[in-house]
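Asks: What follows is the residue order along each chain.
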Amino acid sequence: MTAPLLRVEGVTLQYETPQRLIRAAYQVTFEVLRSDRFVILGPSGCGKSTILKAVGGYVQPVEGRILLDGRQVQGPGPDRVFVFQEFDQLLPWKTIRDNIVFALMAGKHLQRAEAVDRAMHFLKKVNLTDFASSHPHNLSGGMKQRVAIARALAMEPQMLLMDEPFAALDALTRVRMQEELLELWNDTKSTILFVTHSIPEAIRIGNRILLLSAHPGQVRAELNSGASSAHDSAGKELASRIEGILFDHKDGDFHAGAS
Amino acid sequence: MPERPETFHQISENAFEVIERRVSPWERFYGNAALRKIVLLFVLAVAWEAYARFLHNPHLFPSFLETVRALDASIRSGAIPRAAASTIVLLLEGYTLGLLLATLLTALANTTRIGADFLETLTAMFHPLPSIALLPLAIIWFGIGEKSLIFVLIHAVLWSVALNTHAGFRGVSPTLRMVGRNYGLSTAGFITRILIPGAFPSILTGLKVGWAFAWRTLIAAELVFGTTSRSGGLGRYIDERKIVMKVPDVFAGLLTVILLGLLVENLIFKTLERRTVQRWGMEQ
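Chains R and U are the protein sequences, given in the same order. Using the working numbering, the first residue of the first sequence is number 1, and each one after it goes up by one. Using the working numbering, the first residue of the second sequence is number 1, and each one after it goes up by one.
Bound conformation, chain R alone (with noise of 0.2 Å):
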């Protein structure tokens, strides 16, 4: 048994409004392995971008620590790259192309022929080869996830973070983008990390699935995924363990959203 990739222990989040202190998480703990799919499945408002963040380094955790490959996470950096739900993301200013390659010059120091090189290679694994001296305004919103997706996976992070990526994207769209994640992960093995409010999709990601209660965050649960789908049978029994746990809770408060 190795050492998991990611510590989470007993953290508590809080952020700041103009009128008052906002509590998002509450002691959560959790352990990710190397080349986990791990989902973090809750309502909106039970923190779970916040927690992200927090691995990612924006926000500090006022209790607890987060540990990465043993070491407490700063602030942010390039071993644990984002990808966020909003399409943009990709700097406007930049190319398809040398929006990775800027990423990788600044992020991981490289040459720029190299960066160049690996950045085709990347685009290739998304089908965006075509693309490549586009500039993102002429992309569709898919497209761009995908370029986000291969800039993320380009860097090679430790760790890859994705903020509900596909959230704003249509449904048959949605179904497309995950599948090809999990064909891209099962080339890289890349750890992940993602954060989303919808029971199917957690399914079919993860492997690997941490159930979050609203106002604040806390853990409620944390089972194993082995289905494929949502829709097998496997993944129909998940679905309802999850909604069970989840709307037994509280809160009612909980978008199933689409696929």
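These are computed hints drawn from the structure, not numbers from a lab. Owing to the predicted nature of the structure, the values given are computational and were not obtained by experimental measurement. In this text, a Cβ means the ideal position worked out from N, Cα and C, and glycines have one as well. Keep in mind that the hints are not guaranteed to be accurate.
[Unchecked claim] Below 30 Å or equal to it, Euclidean Cα-Cα: the simulated DSBU-like pairs (lysine-lysine) are:
1. 94/R with 108/R
2. 208/U with 147/U
3. 124/R with 94/R
4. 94/R with 208/U
5. 94/R with 270/U
[Said to hold, decoys possible] Listed next, the stretches of chain U that the computed footprint assigns to chain R, with coverage defined by at least 3 CB atoms under 8 Å from CB atoms of chain R:
6. 177-184
7. 267-280
Since chain R is already given, all that's left is putting chain U on it; use the hints.
Replies: Quick look at chain U alone, frame taken from chain R:
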């Protein structure tokens, strides 16, 4: 409900996505912004010519052709090129210094909170103050000459550029900021690689407004006094011709001011806009 059968169709292989269509000459002309504007200018020139001939008072209102002849003569004699060159050199000096100061102030405003307060307070105080109103003070401090002009030019450029850049920086989306920090960029790298390009639409607006302010301020200041060390700028040229009642020359001077303004707007700023914010899809 009547019974309706389900239907299935074959997808055509040769239904191309792009359908060609012949563009009529009129559409081609109307789609060209530069051509449209040239026609407008032509119409204005004809109207001017017609009105001046109707008025028939060349000493007060010269016709378009008389103005063009006066302009041609002044260009041949070298009076207007010298005056324009002197104005432009001075303008560039003032503009550059203004930009440098604006960069400094904005960088300060972006790194510290008190810097931001400083910039916001100063802009609120000085931006509405017409530069030309500072000229008397500048003359007392620096005497009649280039230094005074550069002082008022800096004032004309600084605030609009700083204000727009600062607003642009604050408008850069949180996602882009997080992406920049994800790459582990240094503060300087973050400003030059993320904030400046991200805020470029606003920065460009600031540059344009600053240029226009500087241009009108300089012409006005030169009208008050020419630059003594050089040949005297366009404002001085206009003022001198007014004194000897050479109205066509005054018109020629004004026309030069307008033409240079159009040239900078259409050649420099439009090109910059096309190559940056329009290509990046940040502005339509």
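Asks: For each hint, tell me whether it holds in the structure or not.
Replies: Hint by hint, here is what the structure shows:
no. : hint             : in the structure
1   : 94/R with 108/R  : 18 Å, holds
2   : 208/U with 147/U : 23 Å, holds
3   : 124/R with 94/R  : 18 Å, holds
4   : 94/R with 208/U  : 24 Å, holds
5   : 94/R with 270/U  : 20 Å, holds
6   : 177-184          : holds (count 6)
7   : 267-280          : holds (count 3)
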